[in-house]
Each structure stands twice: as structure tokens, then as C-alpha cells.
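Chemist: One letter stands for each residue in the lines below.
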Amino acid sequence: MSDDLDELYQQVILDHCKGPRNFRVLEGANRKGEGYNPLCGDNYTVFLKMNGDVVEDATFQGSGCCISKASASLLTDTIKGKTKAEVKALFAKVHDMITTGAVSDEGVGKLAVFAGVHKFPARVKCAILSWHAVIAAVDGENQPVSTE
Amino acid sequence: MIDWAKLRADFPILDQQVHGHPLVYFDNAASSQKPRAVINALSHYYERDNANVHRGIHELSNRATAAFEASRERVAKFIHAKTSDEIIFTRGTTEGINLVAQSWGAKNLKPGDKILLTEMEHHSNIVPWQLIAERTGARLVYLPVTGDEGLLDLSKLNELLTREVKLFAFTHISNSLGTVNPVAELCERARKLGVTTLVDAAQSAGHLPLDVQAIGCDFLVFSGHKICGPTGIGVLWGRQEVLDAMPPYHGGGEMILTVDFFKTTYKKAPHRFEAGTPDISGVIGLHAALDYLDAIGRENIFKHDQELATYAYDQLAQLKGVRLFGPKTGRAGLVSFLLDDVHAHDVVTVADQRGVALRGGHHCNQPLMKKLGIASTARASFYFYNTRAEVDRFIEVVRGIQKFFGS
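Chains A and B are the protein sequences, given in the same order. The numbering of the first sequence is numbering that gives the first Met the number 0, which starts it at 0 and goes up by one. The numbering of the second sequence is numbering that gives the first Met the number 0, which starts it at 0 and goes up by one.
FYI, nobody ran anything at the bench for these hints, they're computed from the structure. No incorrect hints appear here.
Mimicking DSBU-like on lysine-lysine, the simulated pairs with C-alpha atoms at most 30 Å apart in a straight line are:
(1) A/Lys118 to B/Lys402
(2) A/Lys17 to B/Lys370
(3) A/Lys17 to B/Lys319
(4) A/Lys48 to A/Lys92
(5) B/Lys402 to A/Lys109
Chain B residues, not near chain A, derived (Cβ > 12 Å throughout):
(6) Leu207
(7) Phe260
(8) Gly275
Derived coverage of chain A by chain B (criterion: at least 3 residues anywhere in the stretch with Cβ under 8 Å from a Cβ of chain B; other residues may be distant):
(9) 4–10
(10) 37–48
(11) 52–64
(12) 120–128
Just so it is clear, CB atoms sit at the ideal spot from N, CA and C, and this is done for glycine as well.
With the rest of the complex left out, here is chain A (with noise of 0.2 Å):
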């Protein structure tokens, strides 16, 4: 497999699109997003149980491709225990890296394994399906987003 390739798939997001984490309904969740792209079809549903301003718990369900998946698995992970403020904080650095392939000096954590996305401009909007989910979730929005 070429160099970009295995940038792409890296070791961690091929772990996360075969045992995503989280990957169920959350009971007593208190808020839900959608995120849908026409393109391919790949639908998530992201549950949070937010406690004020702060995520207390996030799991997702859906469909879509290994890239897709794995962000929506590494994510859900990542945003628990952080406040509204520090989601949309964070989705601003992750939206740079994975467009540009600049990882931010303040650090997106383990979502820096998305960084090689960038080289394939197809594949951006999988690795944002969820984020937009999130972004609607933390807004209390229950309306479906589309990435388009």
C-alpha cells in the first residue's frame, strides 16, 4: 500500500471502523443530531446526555464508510466531559487539520490520526459527517444536517 494510503488508514482508524466505541443508543440521552450525506448515503446519529453546559456521555449509531465511522467513534470518545464551548473549540481545529493536514500546536488529541485525510478531498466530508451530528446535538437542535 503506498505512503498515503496508510497515512489515510491509519492503525487507530482502521481499529475504530471495525470495534467503533460507543456505537449504540444512549439511554437517558438528553440530545440527538443528525448528520446525513447525499452524496454516498452515510447516516449517523449522535445521542449525548448533557449535563448544563457539559457533555456527560456521547455514543453513536448509523452507517457509512471506515473513515466516517472511525471519526465518529474517536470523537464521541474525545467530547466527553467537555463543555459546549470546548466542542465547537475543538471541531474548529479538527475542520483545519483535515482540510489543510496542519495539526494545531494546541492539540486535537487522538483525532490527529485524521490529519492524513487532507490528501483526499473526496474523503473530507466522511471524516466531518459526524462532527456536524455533534455540532447540532450540542446545539439542541433535533432537526437532520446535511454536510452539503
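Got chain A; can you put chain B on it based on the hints?
Modeler: What follows is chain B alone, placed relative to chain A:
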């Protein structure tokens, strides 16, 4: 004996490396590549003859008009139309269907009428009908597909093709399943009930001989870019008496006889439906493409594509963990498949890194995908310049993908 390797050399684009590997272009159902003859026809037109058509009196305009109308004659021969007046140039298959839906549909559909489609239609043969159904109060009904094998369930035809149906529109070859539908039989059944028919030939024109008289349809549509022609040009064929009874689609120059401030009279078909300056270079490039295809012989092209598709299908069927779509025999030149636990987009991304261009997704067949219980498939689609060695390379890449994702 056809020298396929020599034909392949007519396509400059195929001779390149992609991500460090020789390009294997298997996305022909989306768009075909162009031979030098077509590229040269375009540059010749722009270097020597470019001018607006029909209105001019000077030499260049005369040349452009002659070449433009010669292409219309050529298209008429290509599909055995009775006259070139039955050939309307469009932007492509999609515009052709929209034209029929908006013009013929608005005039002929009323509440209670039915439009019969099939479950394997491309979005372009569904959405235009939904739009006109909404406007006219007509209803859509669908002839079912049998399942993964992807055949039309003809046992349901009697029940669905009734006198309430005003129009029956269906694809000749499915872009996601590779099914070749019995179009002549479907048209004959429709004709007996006085139902107007439209055949979507986007995947069949340029892949097998087309004869609108033998098919017996009322409308037939196809695109230039899928059959070695330029992008942005397509054809709508309609029976002359049907076309002449249809109101204009777009208004503008070229399509009028006389214009008053409040009243206009229109030309007959085809000009009635070709408002504005047309895609002249596209029309001229299409002519070159049709000449090129017929020099090979469309029956030879079909045989070649079918052999490759059958070979690819059989090779994939031998691998473990592969779900195949479409008929086992008699398929057109494409294969749709899924690998266990690997999403189609991951298949396509990895294949691309190995130089193999596939298509992954719903192929503008979302309702069909839902029916089959899937979100997408990966698709390899062939044309006459593809080779058996390329299929072998594709299979090797698919094995590598299975290994990579550990499925």
C-alpha cells in the same frame, strides 16, 4: 478481426500513470474517454469554422450550420429515425427527459393519470416525473425489481400497465445493475394500450445497435459524453407526430417563426425545442464520435464489453465475501459489487491509489439501493478500449483491499 489494442491507442488519456500505477479506467458508465478523432473535430471546428448557426449569411456561419445539420442527419441514421427532424439536441439524457416531462407531460397528464416507471431508474428518470406529477396531479407507479439479480419483475406488468397509465418510462440498461431490459417487448405491451413510451438509452447508446423503429418507443434519450462524444451534448428522439403536437420547452431565439410583442408563433420540431445558440462544437464532436463507433461496429463493442463484464463477474464470484448485483448472464458491460465489511467508498479510494478508477456510491439509484437494503455499491464499468489484463489487475487490487481491511 478487430485490433482492440490499436483502438485503445486512439485514446491519449489512457496512456498515463495515476498514483504511480498505469491507469485502469473502469468508470465508463459515468463518462467515457474521447478518441483523437473527436478531440480533433473539436479543435478543427474552433480553428477553422467557428460561427453561430442558422442565422448567418457569411461563409463561416454557413460552414458551421452545414456541420451542425450534418450531425443531426448522422444521429438520425445512428438510431434509425425516419427523419432528422425527429432529432433534438439537448444537454444530455437528463435534459431530454425533463423536456418530455415538462412539454409532453404538462399537455397530456391530468389528475388520476399514472406514470409508470421501474425501480431501477436513475434519478434523472424519476425526479422529472415527480415534478410534473406534482403539477398535473398524475401519480407515479413502479414496476418492481426482483432483488440482487436485478431483473424487472415482468409478472407484475399486467397489473401495473393499465389504461390509466399515460406514460411508461424505463431504462434500456441499468447503470448500477448492468441489466439489459427487453425494451421492444415493453414498448409493444404499452402500445397495445395506447401508452406513450420513453426509453432511457444513456447506458445503451454507443454500446449496442439502436433502432427506434425496432424498439417501437415514442421517445428515446441519450448523452454524448458516455459514448466518446463531448460533455454537454445529448439527444432526444421523438416520433415526429408526437413532437409536432408538443408545446415549446424553452423560449428564445432559433425556435420562432414570428415574434410580436404579445404573441409568438413557433417553428416545428426540432427547432421548436432548441432555443438559443446550441452547443455547436458538442454537436460536431458527437458526429465524429458516432462515426468512430460505427467504424468499430456497435455489435462488436457490445460483445467485447459483455465478455469483460462476464469475466470480471466470474472472477469476483470466486472471491470470498463478495456480494454481486445484477443478472448472472446476459449482462451489459459493468459489474456492481460489495465487499463484506468494507464500504464502497473505501474500496474506491484504495483502488484509486492503485491506479484503478471505479465508482462507489448510490449511482443516482437511491430508491433501488434502499430496496436492496444497501447504501451503495462499488462499480466497474467497461468500454471497448478496456482489456482482460486490466480486469486481472482490478481483481488483484480487490484482493489487496480485502487483505488491507482484513475482511
